[in-house]
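Chemist: Make a model of the complete structure from these sequences and hints.
Chains P and H, in that order, are what the protein sequence lines are. In this text, residue positions in the first sequence follow our numbering: the first is 1, and each later residue adds one. In this text, residue positions in the second sequence follow our numbering: the first is 1001, and each later residue adds one.
Careful, some of the hints might be misleading.
Distance condition first, Cα-Cα at most 30 Å in a straight line; then the derived DSS-like pairs of lysine-lysine [as the list claims (entries may be wrong)]:
#1 H:Lys-1140 <-> P:Lys-233
#2 H:Lys-1140 <-> H:Lys-1226
#3 H:Lys-1140 <-> P:Lys-202
#4 H:Lys-1226 <-> P:Lys-233
#5 H:Lys-1226 <-> P:Lys-209
#6 H:Lys-1233 <-> P:Lys-140
#7 P:Lys-226 <-> H:Lys-1140
#8 P:Lys-226 <-> P:Lys-140
#9 P:Lys-226 <-> H:Lys-1226
#10 H:Lys-1226 <-> P:Lys-140
Using C-beta positions, here's what the derived DEER-type ranges look like [as the list claims (entries may be wrong)]:
#11 H:Lys-1198 <-> P:Glu-199: 42 to 50 Å
#12 H:Ser-1214 <-> P:Arg-64: 45 to 53 Å
#13 H:Lys-1187 <-> P:Asn-219: 41 to 49 Å
#14 H:Arg-1111 <-> P:Phe-71: 55 to 63 Å
#15 H:Arg-1064 <-> P:Asn-219: 16 to 24 Å
#16 H:Arg-1111 <-> P:Arg-18: 20 to 28 Å
#17 H:Leu-1215 <-> P:Ala-70: 18 to 26 Å
Quick caveat, the hints were computed from the structure, so don't treat them as lab data. Glycine is no exception: its CB is placed at the ideal position from the N, C-alpha and C atoms.
There are 2 protein chains.
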Amino acid sequence: MEDLYPTRRNEEVIIDRREPVVYGAPDSHNSNALSADQLATYESDGFIIIPNVFSAHEVDFMVREYETLAFNHDLQGREELVFEPESNELRSIFNPQRFSPLFDRISRDQRIKDKAQQILDSDVYIHQARINIKRGIHGKSFPWHSDFETWHAEDGLPRMRVLTAWIMLTENTPFNGPLFLVPGSHKQFVGCVGETPKEHHKASLRQQKYGVPSLNALNSLMDSDKLAGAFGKPGTLVFHEGNVMHGSPDNITPWPRTNLFFVYNSIHNTPASKPFAAPDFRPEFLASQNFTPLREVD
Amino acid sequence: MEDLYPTRRNEEVIIDRREPVVYGAPDSHNSNALSADQLATYESDGFIIIPNVFSAHEVDFMVREYETLAFNHDLQGREELVFEPESNELRSIFNPQRFSPLFDRISRDQRIKDKAQQILDSDVYIHQARINIKRGIHGKSFPWHSDFETWHAEDGLPRMRVLTAWIMLTENTPFNGPLFLVPGSHKQFVGCVGETPKEHHKASLRQQKYGVPSLNALNSLMDSDKLAGAFGKPGTLVFHEGNVMHGSPDNITPWPRTNLFFVYNSIHNTPASKPFAAPDFRPEFLASQNFTPLREVD
Chain P
1 MEDLYPTRRN
11 EEVIIDRREP
21 VVYGAPDSHN
31 SNALSADQLA
41 TYESDGFIII
51 PNVFSAHEVD
61 FMVREYETLA
71 FNHDLQGREE
81 LVFEPESNEL
91 RSIFNPQRFS
101 PLFDRISRDQ
111 RIKDKAQQIL
121 DSDVYIHQAR
131 INIKRGIHGK
141 SFPWHSDFET
151 WHAEDGLPRM
161 RVLTAWIMLT
171 ENTPFNGPLF
181 LVPGSHKQFV
191 GCVGETPKEH
201 HKASLRQQKY
211 GVPSLNALNS
221 LMDSDKLAGA
231 FGKPGTLVFH
241 EGNVMHGSPD
251 NITPWPRTNL
261 FFVYNSIHNT
271 PASKPFAAPD
281 FRPEFLASQN
291 FTPLREVD
Chain H
1001 MEDLYPTRRN
1011 EEVIIDRREP
1021 VVYGAPDSHN
1031 SNALSADQLA
1041 TYESDGFIII
1051 PNVFSAHEVD
1061 FMVREYETLA
1071 FNHDLQGREE
1081 LVFEPESNEL
1091 RSIFNPQRFS
1101 PLFDRISRDQ
1111 RIKDKAQQIL
1121 DSDVYIHQAR
1131 INIKRGIHGK
1141 SFPWHSDFET
1151 WHAEDGLPRM
1161 RVLTAWIMLT
1171 ENTPFNGPLF
1181 LVPGSHKQFV
1191 GCVGETPKEH
1201 HKASLRQQKY
1211 GVPSLNALNS
1221 LMDSDKLAGA
1231 FGKPGTLVFH
1241 EGNVMHGSPD
1251 NITPWPRTNL
1261 FFVYNSIHNT
1271 PASKPFAAPD
1281 FRPEFLASQN
1291 FTPLREVD
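Modeler: Right, here's the structure in full:
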């Protein structure tokens, strides 16, 4: 299969995106679909922030559910459950939808799924999901990157027909280590420098070293007047395009910043027979091998 | 001399401020003075942000001047000049007004000095000054602290009749590691835990360990709805009260965030005969022993 987006080579290259951002169209018959204006925002910026999609009550349920999941018998000792090494506090739960009926239901909720299907104009499955808790005071920054770069290089996703939908479970403010995005950056692809080492995911989940654009690339993609922050109250829903450049600073407030992420991939974009720029596929909990299309909640 | 603000002991204590925030009054005859509204904001929040005080042209001159100062013969090898250890880039210049006629003039500029004198209702001198360059990508966060806690503990300033005035030399945005402040926090004093070690300033300029409030103290001082950021274009002037709690996250943008700080102390608040909670005074470049009142530019 042709590699449209070469990366992890000897030199950094910036090339144009070679496919659409929005595959679908407005649908006035579906109240869960994005409007023409919302689709246009997503197309030009590479993300859209939609407040008040989930109620405070629903968010409360999700918070209690993930706190309970940390003690779930099936999860103990598994890679899906990540605690802070020094404090033993919960940091991440991968694929909570596999261990919790509530998160399974949320992952198929029409308020999310219909929009993902609309943008990608196809059935979708979950490539990866996670809850991330960025602790107060100690929560660390994450450098600028394109998720797609990793999904392409290490997971073998051929095209950018993939996105992340996420729900704020705490307020995301300018102060608590929120996600910053570079509007429009999804229209270029930064092929990064350096051959991916074996088992790179073990290091990259903590600090990414491969697949990180250089200062030069960032300077050419970014304009200081045009950065954006994903700020919002709990229950806000964000869609960000797989290739949009994003990063986040550390969280110096005393309170955690917690978000629930679902990566929806088009069923027409399942992995190639091997990764495009890594010795092996990442493990299944980071890159699903189950391509069954998501259906409505029963 | 009575210690009104005990700190660096065995237990953390939070006590009320024991003196005014604003000592002076509005002065309609002086166009450089703060208005009654501005004084009220400073009194209640502990800071005030004033855009467009210095022109783009003036800021350009200041930027060129500090870049030149890095090569100033008198400064080479001195503690006032701080470079990044790994990259040799300029990080800080202390007391630039002592080495540069331009910064000397700025430090006495009526647009700053008159306001400082008005707030403190007295003549003032410069306790410390510095230019801080928080680098792009690598610029590190600084935890929450009150400057006065250190000035009291380590420099012997008896009272809170002291403030910092600072000028933005680059834009300060939500994205580039700006100063966050806790409005109203200047009305309480957090006496911190731990005896100050000898030569603490050598470590504390990089990472402060003593004089840092606990998570409990932060939780009691802060309200997540009420944090503030000092954002503004180059040339913006900020006054922040000596005891207001502030901190800053890291700078993940590719561009530096640069500010010029002057600490104005009332001549009625010169250091006691010894520090209140440290074995020795900090060196003179951090805590001036020259209490000559600032006068206008000649």
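Chemist: None of the hints should be skipped; say for each whether it holds.
Modeler: Evaluated hints:
Restraint check: the Cα-Cα separation between H:Lys-1140 and P:Lys-233 comes to about 27 Å, which is no more than 30 Å; the hinted pair holds. The straight-line distance between the Cα atoms of H:Lys-1140 and H:Lys-1226 is roughly 24 Å, inside the 30 Å bound, and the hint therefore holds. Proximity of H:Lys-1140 to P:Lys-202 is assessed by CA-CA distance (about 25 Å); at most 30 Å being required, the pair is judged to hold. Under the criterion of a C-alpha separation no larger than 30 Å, the hint pairing H:Lys-1226 with P:Lys-233 is consistent with the structure, at around 14 Å.
At most 30 Å may separate the alpha-carbon atoms for a hinted pair to count; H:Lys-1226 and P:Lys-209 exceed this at roughly 36 Å. Under the criterion of a C-alpha separation no larger than 30 Å, the hint pairing H:Lys-1233 with P:Lys-140 is consistent with the structure, at around 27 Å. The straight-line distance between the Cα atoms of P:Lys-226 and H:Lys-1140 is roughly 22 Å, inside the 30 Å bound, and the hint therefore holds. Distance hint between P:Lys-226 and P:Lys-140 is fulfilled; the C-alpha atoms sit about 24 Å from each other, no more than 30 Å.
Of the pairs offered as hints, the one joining P:Lys-226 and H:Lys-1226 holds, with about 25 Å between alpha carbons and a cut-off of 30 Å not exceeded. With a CA separation close to 22 Å, the supplied pair H:Lys-1226 and P:Lys-140 stays within the 30 Å bound. Checked against the given bound of 42 to 50 Å, the beta carbons of H:Lys-1198 and P:Glu-199, roughly 46 Å apart, stay inside it. Checked against the hint of 45 to 53 Å, the pair H:Ser-1214 and P:Arg-64 fails, with Cβ atoms roughly 28 Å apart.
Here the CB-CB span from H:Lys-1187 to P:Asn-219 is close to 43 Å, well matched to the stated 41 to 49 Å. Roughly 59 Å separates the CB atoms of H:Arg-1111 and P:Phe-71, a value that falls within the hinted 55 to 63 Å. Between H:Arg-1064 and P:Asn-219 the CB atoms are about 21 Å apart, so this pair conforms to the stated range of 16 to 24 Å. Distance hint check for H:Arg-1111 and P:Arg-18: the Cβ-Cβ separation is about 54 Å, which falls outside the suggested range of 20 to 28 Å.
A hinted range of 18 to 26 Å for the beta carbons of H:Leu-1215 and P:Ala-70 is consistent with their spacing of about 20 Å.
The structure fails hints 5, 12 and 16 (numbered hints given earlier, in ascending order).
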